[in-house]
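*Asks:* These are the residues of each chain, in order.
6 protein chains.
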Amino acid sequence: MPDARTLIAIYPGSFDPLTNGHLDIIHRAANLADHLTIAILNNSAKQPLFSVGERLSMIRESTSKIANVEVDSFSGLLVDYAARRSANGIIRGIRAISDYEIELQMALINRRLRPETETLFLMAGEEFSFISSRMIKEIITLGGDVSAFVPPVVLKRLREKLPASR
Amino acid sequence: MPDARTLIAIYPGSFDPLTNGHLDIIHRAANLADHLTIAILNNSAKQPLFSVGERLSMIRESTSKIANVEVDSFSGLLVDYAARRSANGIIRGIRAISDYEIELQMALINRRLRPETETLFLMAGEEFSFISSRMIKEIITLGGDVSAFVPPVVLKRLREKLPASR
Amino acid sequence: MPDARTLIAIYPGSFDPLTNGHLDIIHRAANLADHLTIAILNNSAKQPLFSVGERLSMIRESTSKIANVEVDSFSGLLVDYAARRSANGIIRGIRAISDYEIELQMALINRRLRPETETLFLMAGEEFSFISSRMIKEIITLGGDVSAFVPPVVLKRLREKLPASR
Amino acid sequence: MPDARTLIAIYPGSFDPLTNGHLDIIHRAANLADHLTIAILNNSAKQPLFSVGERLSMIRESTSKIANVEVDSFSGLLVDYAARRSANGIIRGIRAISDYEIELQMALINRRLRPETETLFLMAGEEFSFISSRMIKEIITLGGDVSAFVPPVVLKRLREKLPASR
Amino acid sequence: MPDARTLIAIYPGSFDPLTNGHLDIIHRAANLADHLTIAILNNSAKQPLFSVGERLSMIRESTSKIANVEVDSFSGLLVDYAARRSANGIIRGIRAISDYEIELQMALINRRLRPETETLFLMAGEEFSFISSRMIKEIITLGGDVSAFVPPVVLKRLREKLPASR
Amino acid sequence: MPDARTLIAIYPGSFDPLTNGHLDIIHRAANLADHLTIAILNNSAKQPLFSVGERLSMIRESTSKIANVEVDSFSGLLVDYAARRSANGIIRGIRAISDYEIELQMALINRRLRPETETLFLMAGEEFSFISSRMIKEIITLGGDVSAFVPPVVLKRLREKLPASR
Numbered sequence: 460m461p462d463a464r465t466l467i468a469i470y471p472g473s474f475d476p477l478t479n480g481h482l483d484i485i486h487r488a489a490n491l492a493d494h495l496t497i498a499i500l501n502n503s504a505k506q507p508l509f510s511v512g513e514r515l516s517m518i519r520e521s522t523s524k525i526a527n528v529e530v531d532s533f534s535g536l537l538v539d540y541a542a543r544r545s546a547n548g549i550i551r552g553i554r555a556i557s558d559y560e561i562e563l564q565m566a567l568i569n570r571r572l573r574p575e576t577e578t579l580f581l582m583a584g585e586e587f588s589f590i591s592s593r594m595i596k597e598i599i600t601l602g603g604d605v606s607a608f609v610p611p612v613v614l615k616r617l618r619e620k621l622p623a624s625r
Numbered sequence: 460m461p462d463a464r465t466l467i468a469i470y471p472g473s474f475d476p477l478t479n480g481h482l483d484i485i486h487r488a489a490n491l492a493d494h495l496t497i498a499i500l501n502n503s504a505k506q507p508l509f510s511v512g513e514r515l516s517m518i519r520e521s522t523s524k525i526a527n528v529e530v531d532s533f534s535g536l537l538v539d540y541a542a543r544r545s546a547n548g549i550i551r552g553i554r555a556i557s558d559y560e561i562e563l564q565m566a567l568i569n570r571r572l573r574p575e576t577e578t579l580f581l582m583a584g585e586e587f588s589f590i591s592s593r594m595i596k597e598i599i600t601l602g603g604d605v606s607a608f609v610p611p612v613v614l615k616r617l618r619e620k621l622p623a624s625r
Numbered sequence: 460m461p462d463a464r465t466l467i468a469i470y471p472g473s474f475d476p477l478t479n480g481h482l483d484i485i486h487r488a489a490n491l492a493d494h495l496t497i498a499i500l501n502n503s504a505k506q507p508l509f510s511v512g513e514r515l516s517m518i519r520e521s522t523s524k525i526a527n528v529e530v531d532s533f534s535g536l537l538v539d540y541a542a543r544r545s546a547n548g549i550i551r552g553i554r555a556i557s558d559y560e561i562e563l564q565m566a567l568i569n570r571r572l573r574p575e576t577e578t579l580f581l582m583a584g585e586e587f588s589f590i591s592s593r594m595i596k597e598i599i600t601l602g603g604d605v606s607a608f609v610p611p612v613v614l615k616r617l618r619e620k621l622p623a624s625r
Numbered sequence: 460m461p462d463a464r465t466l467i468a469i470y471p472g473s474f475d476p477l478t479n480g481h482l483d484i485i486h487r488a489a490n491l492a493d494h495l496t497i498a499i500l501n502n503s504a505k506q507p508l509f510s511v512g513e514r515l516s517m518i519r520e521s522t523s524k525i526a527n528v529e530v531d532s533f534s535g536l537l538v539d540y541a542a543r544r545s546a547n548g549i550i551r552g553i554r555a556i557s558d559y560e561i562e563l564q565m566a567l568i569n570r571r572l573r574p575e576t577e578t579l580f581l582m583a584g585e586e587f588s589f590i591s592s593r594m595i596k597e598i599i600t601l602g603g604d605v606s607a608f609v610p611p612v613v614l615k616r617l618r619e620k621l622p623a624s625r
Numbered sequence: 460m461p462d463a464r465t466l467i468a469i470y471p472g473s474f475d476p477l478t479n480g481h482l483d484i485i486h487r488a489a490n491l492a493d494h495l496t497i498a499i500l501n502n503s504a505k506q507p508l509f510s511v512g513e514r515l516s517m518i519r520e521s522t523s524k525i526a527n528v529e530v531d532s533f534s535g536l537l538v539d540y541a542a543r544r545s546a547n548g549i550i551r552g553i554r555a556i557s558d559y560e561i562e563l564q565m566a567l568i569n570r571r572l573r574p575e576t577e578t579l580f581l582m583a584g585e586e587f588s589f590i591s592s593r594m595i596k597e598i599i600t601l602g603g604d605v606s607a608f609v610p611p612v613v614l615k616r617l618r619e620k621l622p623a624s625r
Numbered sequence: 460m461p462d463a464r465t466l467i468a469i470y471p472g473s474f475d476p477l478t479n480g481h482l483d484i485i486h487r488a489a490n491l492a493d494h495l496t497i498a499i500l501n502n503s504a505k506q507p508l509f510s511v512g513e514r515l516s517m518i519r520e521s522t523s524k525i526a527n528v529e530v531d532s533f534s535g536l537l538v539d540y541a542a543r544r545s546a547n548g549i550i551r552g553i554r555a556i557s558d559y560e561i562e563l564q565m566a567l568i569n570r571r572l573r574p575e576t577e578t579l580f581l582m583a584g585e586e587f588s589f590i591s592s593r594m595i596k597e598i599i600t601l602g603g604d605v606s607a608f609v610p611p612v613v614l615k616r617l618r619e620k621l622p623a624s625r
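Protein chains in written order, with this note's numbering: chain A, 460 to 625; chain B, 460 to 625; chain C, 460 to 625; chain D, 460 to 625; chain E, 460 to 625; chain F, 460 to 625.
Excised from the complex, chain A in its bound form:
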């Protein structure tokens, strides 16, 4: 088990797909934590655009230069996964315009379920405050250009997956 003073952090999410906003949080969290695991939620109830395998490979390619970052996937309760990883921190980005209340509610419930793992909120950069995976999928479906909002590998895969997109 790590020393309590070591920040072993998890950055959970659907990442369907990874956005530049996610990537910004990853870089910043990796500067604070000793070890950061990007943990893709494998939610069988939702129909994702990209499979867990595709998401793993896109995130790995986009974060390959950050030494203390690892990419993984999990199912079940986040706090149970955090316990298996001996993580004492969960990283979440919050955007000024966003599901702020849902985030706080999840942080409170996760703290109640497992007080040993703390949720740490990083403020999303203001230039990313309107970017969400859902928005990106919607824009690309309607023929819009999302090249400014996602990493190159994601853009390439989006164009393969949705040929109608620009």
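Calculated from the structure, these hints are not laboratory results. Please read these numbers as outputs of a predicted model, since none were measured by experiment.
Below 30 Å or equal to it, Euclidean Cα-Cα: the simulated DSS-like pairs (lysine-lysine) are:
no., chain 1, residue 1, chain 2, residue 2
1, A, K620, E, K505
2, A, K505, C, K596
3, C, K505, E, K596
4, B, K505, F, K620
5, D, K505, D, K596
6, C, K615, C, K524
7, E, K615, C, K505
8, B, K615, D, K505
9, B, K505, D, K505
10, F, K505, F, K615
11, A, K505, C, K620
12, A, K505, C, K505
13, C, K615, A, K505
14, A, K620, A, K524
15, F, K596, B, K505
16, A, K596, C, K505
17, E, K524, E, K620
Please build the complex by placing chains B, C, D, E and F on the supplied structure of chain A, with the hints as guidance.
*Replies:* Coordinates of chains B, C, D, E and F only, in the frame set by chain A:
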């Protein structure tokens, strides 16, 4: 300069006085950071109830058992103080019911002024969601009992300072 | 028809399932109202976890010791049900972290539809601020422990209904 | 002490001055409570426009036709006043556009200080959602017409007090 | 292309159905803009209550007396439609109680996608602050009376479409 | 009186001092309105950093290249000033992180006081979402660098006025 992977954190505030809500954040942040400085803002524009010296001694007494915590005061810009301390993290508690937007605004502006220091928000425990230093001073002024909301040393000093209080 | 000064109140909801947060509101509202009807919304458009009959029996068992409480179900407009019950109050719990705006919108529209019935908001206890029926179903589906969040009879039925849960 | 099932309510505030929004809440609360005390906060720290005596007389004149309403003033903690009046309810209006969070914070702290007194929120009518005593004083100071926002007696006194107003 | 100082505005929405709140925004926007196009979003992913054709005819009938208003429908990205129409303004109503954050998020993303088209928010009248197309459909489905919330032609069509409604 | 279809707009504020966020709103509003008056509120109750004359000259210098913009000052009610100027539009910037509710409240009350003048909200650019005149004064007082947040003429005058600033 510390290795980027070391979390050198500052927990800034007025702490006039320290509450159990502050103390909860201090304990939790000390479990994540390598070193935590509780930094009392010396704001000459405001008339505090307790002098900076009194606040320093009350916080020191209340945190004496936490190894990696230090208490200090500062004036001027927080990010300049963070630079002098080589801190890469600023800890802030956010309460569901609170000045949430002010907190995000300050985090954005601090990030713009000094990107090397990241603001990390911890969710205040729900049992502390209504406690603020201002509320405590107001209740005690009106003759209310605040013993459940502040550490023992603060309660003792409040009673000395405001004899009308219970 | 009751005297206008008699508080005949309805506490409407899905209660799928009843939580400790609901139970707290029920106890507090029963201390204020002359008569309180817990009114289960029979919404044919949603697939509930528990049938209306199961919810009725769980709520009855959990509130059997409160003299002025009755459990019922209804379909159609809430204000029409309130009129049939000659109710002059609708009780709603609001959580600091929640669908606050939806609650206010419904209160305004219900007041427009039937001004004789007033919506009264009680503040959810801070220890219940993160509990919702939806959250509880999600946690138990993912194998989490919800014994601290629901009454014993609900926990028992949840375990029968979802054997995978702890 | 009243039976717990009797709603003995207090509607506290500064009422400097009483607005049509306040009056709407008073009428609605008087339809729900057995007895309603309008309790003027005597806050020595603030410079009011109208003295407590003036406010008492204006509210009495505006509510003289409501049988179960009484007007009073208090200083000190609201919950201590509620205890002296054996009140089990505190009435507060909430406006969609307003100091919502402050209201919830005060409700939580009052509940912690005295659980026997429940805070009940009524939704302000949408036609009053922008009216506050502060706004009214500001408009009248700037020469605006507030006759649609306050009861006749308040308008008359405002014109005597601030001759510049229309 | 119009002179930049000419306000060529689009008021986009689903209008399923048109409400009195929409109509209020249309009248007010038509007083500000040189030309206003009411643009019905043709969203194939959603099951509307009224077809695009039905919505076009109801809006045309309800706005026939406003000289500078035109009704149209579009699919695809709103900013692409705005470009085709050489519009420099998008009109949106915001309600105090509403999806405010979603509105801001869409305005930011539309501005990023096409800076030449500005989003202009008008504040919904407080008497319309609780009206939404979704609410109206829900109320009428439950047998409620919506005659105060929609224009006459919409009420007539709603009664034909949903005979159960009053 | 102007034709109703002409947008004669006022952009009111304290502008103490003008920020890059204000300037962004001015440029965008000038692209929509036929005529835009930047109206400095002369509020005798507040102690400004810059006199009205200084603010007038700084805004004039910063907007001299925009043809349809005029700078003025006013005291009294904004809607009375709007009536004197025959303005049918009031421009306000809203920031995602901000006094949103105050803005809506003022818009509602201004509409009630004078329905002929409409408030139009423009979304502040996300890069300005944390900039306010108050923040800028605070940062410069504490020795921070605000050169990225204000126009050159304002920076020059701030440095003359507050020599301690960088």
